[in-house]
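The opening position of the sequence shown corresponds to residue 1 in this note's numbering, with each subsequent residue numbered one higher.
Among these hints, one or two may not hold up.
[What the hints assert, rightly or not] Straight-line alpha carbon distances no greater than 35 Å define the calculated DSBU-like cross-link-like pairs of lysine-lysine that follow:
1. Lys180 - Lys245
2. Lys485 - Lys503
3. Lys483 - Lys414
4. Lys326 - Lys414
5. Lys160 - Lys823
6. Lys180 - Lys160
7. Lys818 - Lys920
8. Lys622 - Lys485
9. Lys980 - Lys920
10. Lys566 - Lys656
11. Lys180 - Lys503
12. Lys485 - Lys180
13. Lys920 - Lys245
14. Lys675 - Lys317
Hints listed in this document are in silico derivations from the structure and should not be mistaken for laboratory results.
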Amino acid sequence: MLQNPLNMYDVDHHRLDGYCLLYSVNNTHLSPDKSIYQLISYCLRPAEQSLINLSSIVTFDSNFTFSTLREKDISSEQLLSWSASIDLAERYQVFLNDISSSSLTFKKEDLFYSCLWPWFGPLCQFSFDPPDNISFDTIVARNFPPDYVILKDARITCYKHLDCNTSIPCLDWREICNGKIDCVDGSDELNCWQLEINECAENEFRCHNGQCIPAEFFHDTSSNPECLDTTDERLLTGSITTCFKDPTFRCEEHSCRPGYEDFPCGDGSCIVEKTNRCRNKRGQMILSDDLCSKTMECITNAKSFSDNAVREACSTKICPGLICPKSNCPSLYQFPLYPILFGNVRLIYKNQDRQLNAIPIVELPTYVCYDDQHYISQCFPSAIRINDSACHDFDKLGLPMVFIYNQLIIEVQKLFRPCIIVSNETHYCNHSTMYQCQNSTKCISKHRLVDSIQNCPFNDDEMFNQSCSLNDSHRRFTCTIHKNKVCLAPLTILDNIGNCDDKSDEFDTPTNRYYNENFHFERLCDSKQDAIPVSIDGLDETDENGCEHWPCNNTYTRCDGFWSCKDGADEVNCPPSTCPEFEHSCVFPSNASTVSCLPIARAGDGIVDCLGELDERHSPLKNFLGGSERIQNSFFCGNESNKLGFGHNVLCNNQKQCQFGEDEVFCEKNVSSTKLLCNREMSCRNRVENYFCDVIITKNRRRPSLKLRHMPAYPPKLITYETTSITLSSTYRTIQLGQSIPTSNIRYPDSWRCNRGLAILIRLNKSMNVPRCLCPPSYYGDKCEYQNQRVSLTLQIRMTSDWHIPFTFILSLVDNEKNIESKDYIEYWAIRDCDTKFDVYLLYSSRPKNPLKNFSVIIDAFNKLTLKYRASWIFPIQFPFLPVHRLAVRLIVPTSTIGPHENCTPSCIHGHCFTYVNNKNSTFCRCESGWTGLQCNIQYTCDCASDSLCVDNFTCLCPTDRFGPRCYLLQSTCHSEFCKNDGRCVSNDIRRAHSQQKKQYVVVLKSSQEITVNADAFESTYHLIVD
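Whole structure, please, built from the sequences with the hints as guidance.
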């Protein structure tokens, strides 16, 4: 039997996907200011032609009838601990309860199979490949190998729901509406003008691609963007390059950022177009295996010369004696074999003998050719014709000198990309939100003006001199460029490129961080300005005014790596410092070979004592630059020759950044390592180097932990009894994908045959197993090789009251007749989840989705304690031509139930008429239990447990002590006898507990008192007092 139970969901149904295991992702280590909660369901999601009848599989494991289990006094909870599916455990519980119903009658001969390792599942028909008796969390984490694992024979995923003739092996969903043509007929860019003209509400932020998100989501969690094109957050390349080992929304649910590396690898990573640096080798698969292409790959280093096997093949087989013979290629040939842009822009070379150099050179093409079907000739009116293509001499294009081949491709793309026009899609140019490019039929959204990306053929969009008069000027960044006032598009803020004369668009200031004045209470007087100054009585007031009596050294600011006090009093005596209690670590310029100690009286006194100015972290210059953690912990030169400071990546690189070499004076000499200083092992650095690496490489600041759970219930309840405080033992066990995993005895799935899924075996009989994959929601197929159409919902909830009351939010994807395509639910508790964003997948009931239907997401809120309805919201799915609809919403829950509307059209027969919170003009029928349909005129039998609520014929709303599809399973961790004096036990979402197999924490709230309870005694449970 398995040591780590694997409880499958969605077994007893006939939907498209099933046999699921749930993985609960812990993202808190990536976003200290916000927590992101996501459940990923790994299921069998077969293509239609590969269905297997899983109910007829022959099994050889022991089995027991329900009747036998009852005789042995076995509980449904025990079955779950033995890896029974949720569906089977609930069927057994119904059997134990002796409940008779037309659809819930189960026979005493029904069987439970006791699986022997490594098999699991209803019929013991599944096993992981390779088998491992470890937790499901660890299996998921180990499915994504670390950086050093070479992915041989890796596969790619494809989007199959658009008929596309493309030069690449197949289309990725991210290549639809990305501003460049990938299908020969341009079908991937049809209808995208609807995004281009789209405008957002006043309380929304418009992503660069036209998507709308709540304004509060702009620049709020840098590693978790809500915009599909990631333009709501600053440019962070590090988090994207690790997407090959990250299955979460931040990677799966975004496309490539405009203006940067724009070839999608298919896993969330993006690279310079069509090179071979994708970890899953999507780019490399586009490279050809013919001799001529191999020759050019050797010459141009299109394949990595760091690979010994490649270098050996180039120097001995392809170009023997380092000479690449002319006979390897025809007289005129194309390289690469694929077009580098628009599906038809190609580089053409003339044949000649070439030499293989130890240092690869940039072999310039002879011509650039294209098929003139997308109005490219507007940019290049005269051309020669070669094989029915328009061509230009490469050396006459005026491109800058380049030193690497990838840069050559980038420069050609930059030149040609502004010229693209999708055929027959210029009719929207008269729209008021559009800008007509000069001397061209091309038009673009006015939001693309002055965004540092050339969109018009003659660059007039970037030279536009009225940017501060545009309707979105309040969303733009104002500065001067060449002494002229300019309002930059939000895309340019914090993008690592200083566009303004003073580089102020890269300062981490309140203006760059936020559009609004909303920030949390604990940010007041934290020595970091968050609010844009407001003039009050002639004074510019911010959140850092009037803080003289606010202690900067307190429980929230101690030892968080950020100097809240000017003299750093909140950071003295903090690990890893070895200095006395009231002294800071310091490297004196006069003694740069050792780490000394500086009395606190000399810190923040305006006089620089330490190298890097690390004793003056609140200097006027640093405060002007924003005073952020990054600014405070940067290395500054003593004479301010480098006014912006710099990070660890340029320390000890044998190149002086400071005029007098302060950044090199403490470095070890004659070091042979090619790694950056702070990427070397600590044992390979001296003590001073380790000190600077520790200070300058800082994690995001820990946010103060002021929480609603510290606040009393409202209205207050009179407590007349005494309570005893018990010590909290709060532990978490979720495997974080960013942490290291022991590498001993790790066996990775066979060449990543499941792409982003999990490799399993299905046992058909005693001698035959077939390989299959459990796929996450974003993929399907036997090998998870196809990309799924889906809705990717990010949801944040705000309660205006009832902070201490748990709520259930039911999320439904419905068609225009309110037929349910799929649904999910969220367990929400404001005192725990106030800052949490929930990432949820909603899938269509067919593949592909029905193109004749319109779809919406409906969210219904219920009080978890009383099961009473509170409110509903509706969000229509816009832009149905997009494979992935990225929906980000922020709900404000009303203080009381919204009353019924007078009438609906058509009328509600067995229900009441209501309006949606976010659309008062739209009405709907909320049906009584046992009725469904647009008019509540279709009757069904409610199979939910007696103390639960039938929301519709597919959904049961469970009370706090129950779970399961029909709410028959008991949450045994919630003991009624534990809560005294009218207390109420509230359990955590059981799906999170089953995935993590870990006890969470327990909180008892009694008016203004908080009692903490040992988590070992109560698994995944919260306790609270209600009136």
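Restraint status (C-alpha distance of Lys920 to Lys245 at most 35 Å):
It is violated: about 44 Å lies between the C-alpha atoms, which goes past 35 Å.
Under the criterion that the straight-line Cα-Cα distance not exceed 35 Å, is the pair Lys483, Lys414 satisfied?
Given that 35 Å is the threshold and the Cα spacing comes to 26 Å, the pair holds.
When you check the alpha-carbon spacing of Lys485 and Lys503, does it fall within 35 Å?
14 Å, holds
Pair hint Lys326 and Lys414, alpha-carbon separation not exceeding 35 Å:
Distance of about 31 Å is within 35 Å: holds.
Between the alpha carbons of Lys180 and Lys160, is the straight-line distance 35 Å or under?
Holds. Lys180 to Lys160 sits at ~19 Å (cutoff 35 Å).
Do the alpha carbons of Lys180 and Lys245 lie within 35 Å of each other, as the hint requires?
28 Å, holds
Given the hint that Lys675 pairs with Lys317, does the C-alpha gap stay at or below 35 Å?
At roughly 32 Å apart (the allowed maximum being 35 Å), Lys317 and Lys675 satisfy the hint.
CA of Lys566 to CA of Lys656, is that 35 Å or under?
29 Å, holds
So if I understand the rule, the pair passes when the alpha-carbon distance is 35 Å or less; does Lys980 with Lys920 pass?
Since the Cα atoms of Lys980 and Lys920 sit roughly 43 Å apart, the hinted pair is violated (cutoff 35 Å).
Assess, step by step, whether the Cα of Lys160 is no farther than 35 Å from the Cα of Lys823, and give holds or violated.
24 Å, holds
Would you mind confirming whether the straight-line C-alpha gap from Lys180 to Lys503 stays at or under 35 Å?
With Cα atoms ~30 Å apart, Lys180 and Lys503 stay inside 35 Å; holds.
Does the structure keep Lys622 and Lys485 at a Cα separation of 35 Å or less?
25 Å, holds
The structure shown violates the earlier hints numbered 9 and 13.
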